[in-house]
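K.L.:
Chains as they are written, first to last, in the working numbering: chain A, 141 to 405; chain B, 780 to 1096.
What the hints contain is simulated information worked out from the structure, not anything from laboratory work.
All figures in this text were calculated on a predicted structure; none of them were measured in a lab.
Each residue gets a CB set at the ideal place from its N, CA and C atoms; glycine is no exception.
Hints should not be assumed to be uniformly reliable.
[Unchecked claim] In the DSS-like style, the derived pairs of lysine-lysine whose C-alpha atoms are separated by at most 27 angstroms in a straight line are:
#1 B:K815 with A:K280
#2 A:K274 with B:K1015
#3 A:K280 with B:K1021
#4 B:K1015 with B:K842
#5 B:K887 with B:K825
#6 A:K251 with B:K1015
#7 B:K842 with A:K280
#8 B:K1015 with B:K1059
#9 B:K1041 with A:K280
#10 A:K185 with A:K331
#11 A:K251 with B:K880
#12 A:K280 with B:K1015
#13 B:K1069 with A:K274
#14 A:K251 with B:K987
[What the hints assert, rightly or not] Away from chain A, derived, C-beta distances all over 10 angstroms, residues of chain B:
#15 D819
#16 H863
#17 N1023
#18 A1052
#19 P1062
#20 I1094
[As the list claims (entries may be wrong)] For the chain A half of the interface with chain B, some residues (derived, Cβ under 7 angstroms), not all of them:
#21 F192
#22 A244
#23 L248
#24 Q249
#25 N255
#26 P365
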Amino acid sequence: MQLRDVSFEYITDETVLKDINLDIYNGEKIVVLGANGSGKSSLLKILNGLIFPSKGEYRAFGQLVTEETLNDEQFALAFRQRIGFIFQNPDAQLFSTNVWEEIAFGPLQMKIDFNEVNERVNGVIRMLNLESLKDRPPYKLSGGEKKKVAIASVLSINPEVLILDEPTNGLDPRTQRWLINLLVELSDAGKTLITCTHNLDIVEEIADRVIVFNEEHKIVAEGSPQDILSNKELLLSVNLIDEHYHRHVHKFDALEHHNHNHSHE
Amino acid sequence: MNSKNNIPDWLLSSGEMGMCPCGCIGKRKKGSFLEKTINDIAKMLKEVIFFEDIAFQKGFLQKLDPRVKVISLIILILTSTLIHNVLILTIVYLISCILAKISYVPLKLYFKRIWLITPLFTGVAVLPSIFNYVRPGTSLISLINFGHQLHFGPITFPAELTITTQGLEGAILLIVRVGVSISLAFLFTSTTRFTNLMKAFRVLFLPKIFITTLEMCYRYIFILLNITTDMFVARKSRTFSKINSRDGRRFVSNVIGSLFGKSYALSEEVYGAMLSRGYKGEPVIMNRFKFTLLDFQWLLGVVICALAAFGGEIILG
Chain A
141 MQLRDVSFEY ITDETVLKDI NLDIYNGEKI VVLGANGSGK SSLLKILNGL
191 IFPSKGEYRA FGQLVTEETL NDEQFALAFR QRIGFIFQNP DAQLFSTNVW
241 EEIAFGPLQM KIDFNEVNER VNGVIRMLNL ESLKDRPPYK LSGGEKKKVA
291 IASVLSINPE VLILDEPTNG LDPRTQRWLI NLLVELSDAG KTLITCTHNL
341 DIVEEIADRV IVFNEEHKIV AEGSPQDILS NKELLLSVNL IDEHYHRHVH
391 KFDALEHHNH NHSHE
Chain B
780 MNSKNNIPDW LLSSGEMGMC PCGCIGKRKK GSFLEKTIND IAKMLKEVIF
830 FEDIAFQKGF LQKLDPRVKV ISLIILILTS TLIHNVLILT IVYLISCILA
880 KISYVPLKLY FKRIWLITPL FTGVAVLPSI FNYVRPGTSL ISLINFGHQL
930 HFGPITFPAE LTITTQGLEG AILLIVRVGV SISLAFLFTS TTRFTNLMKA
980 FRVLFLPKIF ITTLEMCYRY IFILLNITTD MFVARKSRTF SKINSRDGRR
1030 FVSNVIGSLF GKSYALSEEV YGAMLSRGYK GEPVIMNRFK FTLLDFQWLL
1080 GVVICALAAF GGEIILG
């Protein structure tokens, strides 16, 4: 995926994104950092073809993505199938009447054979342990369950690229942990992950590369998570942290007999 | 950004007002419209969830294919509107009570829901027709005897105002018929989940987009109701005394305005989410209903029942 000199504005002269140049490679894990209102969400929407650059161009999988090209049904379908978008607000994403149908919505719109849809939905339900929820309407789900269903509904399309907008927002530590482990697994399976978040604690695990937006809606830095997170000056300058921010480095202790990451307060 | 905020002094002092529950300082106030609205919304949600629970039970009617239920409901309602015999209608009603029982619909509720309200409204509508002034017939009870004919302009009424046998019979028939029809509709809808019911309407050739819109409507009503409750609760938590009606009106209009704004923003987001998952203007719906042997037997039973009812009417006259 390739963005060249992309700018975006909802209202003239109120720029939301300014001169963005970005390349995202297959199988990569990218995290987009930036303070509230820096344009991260708009960037994700452009990548998902929900809004289109006012200036510059966006290419995905070698093809130009514009309102026009997405009008082509075959192209739109292929593009939508390759990119899955998990919204910040699960209530916006869960518009079907029960969990099963929610997960089936994507594959059904892709005109996949009914038997295969059945198989995929049940497969995703098993994978994410949603059996007990499958007939429930969305208003009977907790925040964490909604997130799980939202993810399931996107995974059933089997996208190559997963875009996540603030995925850990409003989740309890245990569900956050579950989610991060899932994301790592998906990445290991070859999926491209593009996440935007404020949650600096999770960045290292879900990023190969970090992109930082400043409040002028520009990309000011790009680098490995270690480099970016240790650059306190940079994070301060983009108003992401205050001067008292510090990180606890958790040393791996072989005596504890477990080598996975864990959340800590 | 400066992380040290300048907290104003008044925010640092606490407990400015005396707390005395005995009523010697403050006046007791009655529940305001805020509370009423919050309670009403909660009541409505509770009711919807209660009915969803009935639809989730593993009773007899719940096992049937919703499409079959829609068809059989139409057959049964048509039958009960065409039958003229109160006895046969009563038998149909009794059968529906048995169905309610084996489908875990509480009989008390089944009875109360319909027979407390239906007679009242239908009764008002048919009330004039029981008098001989509207529908002449054999006199059953004489109410007033004026001794001479009454003239209202060009219309002449008989001297005696009576309730007629034909009028009363007609009225009873109509009330029973309406009651039975509504009972059947209630029984079938309460044992079917709303969304399945919507999908089952496809058998009546309703367009897909219409069904999808209705389903989403049902889905988002809950979210908007929750948002409304939140706004009312937030207002209540900052309400210290009775709200005068002008402020009340202003608050409600603000709520309506901001609710509209929020639902608009939400609709845009939902549309984005649909697009992102391949929606192209015409939704693809998958049918998960299965027509089983039980459905066939049931449908056969319904048809036999309807025929028996018509047969019974011919025999009984």
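K.L.:
It remains to establish, for every hint, whether it holds in the given structure.
P.N.:
Hints, verified against the model:
1. B:K815 with A:K280: Holds, because 24 angstroms separates the two Cα atoms, which is no more than 27 angstroms.
2. A:K274 with B:K1015: Roughly 37 angstroms between the alpha carbons, so the hint for A:K274 and B:K1015 is violated.
3. A:K280 with B:K1021: violated (35 angstroms)
4. B:K1015 with B:K842: Violated: B:K1015 and B:K842 sit about 45 angstroms apart, past 27 angstroms.
5. B:K887 with B:K825: Roughly 18 angstroms between the alpha carbons, so the hint for B:K887 and B:K825 holds.
6. A:K251 with B:K1015: Violated, because 49 angstroms separates the two Cα atoms, which is more than 27 angstroms.
7. B:K842 with A:K280: holds (22 angstroms)
8. B:K1015 with B:K1059: Distance ~43 angstroms between B:K1015 and B:K1059 Cα, so the pair is violated.
9. B:K1041 with A:K280: holds (21 angstroms)
10. A:K185 with A:K331: Answer holds: A:K185 to A:K331 is near 19 angstroms, not above 27 angstroms.
11. A:K251 with B:K880: Not OK: A:K251 and B:K880 at ~42 angstroms, beyond 27 angstroms, violated.
12. A:K280 with B:K1015: holds (26 angstroms)
13. B:K1069 with A:K274: OK: B:K1069 and A:K274 at ~18 angstroms, within 27 angstroms.
14. A:K251 with B:K987: holds (16 angstroms)
15. D819: holds (18 angstroms)
16. H863: holds (41 angstroms)
17. N1023: Non-interface label on B:N1023 holds, nearest chain A Cβ at 35 angstroms vs cutoff 10 angstroms.
18. A1052: violated (5 angstroms)
19. P1062: Incorrect as stated: the minimum Cβ-Cβ distance to chain A is 7 angstroms, not above 10 angstroms.
20. I1094: The assertion about B:I1094 holds, with a minimum of 46 angstroms to chain A.
21. F192: With a closest approach of 12 angstroms, the A:F192 hint is violated.
22. A244: Where the cut-off is 7 angstroms and the nearest Cβ of chain B is about 6 angstroms from A:A244, the hint holds.
23. L248: holds (4 angstroms)
24. Q249: holds (4 angstroms)
25. N255: violated (11 angstroms)
26. P365: Violated - the Cβ of A:P365 stays beyond 7 angstroms from chain B, reaching only about 24 angstroms at its closest.
In summary, the numbered hints that this structure violates are 2, 3, 4, 6, 8, 11, 18, 19, 21, 25 and 26.
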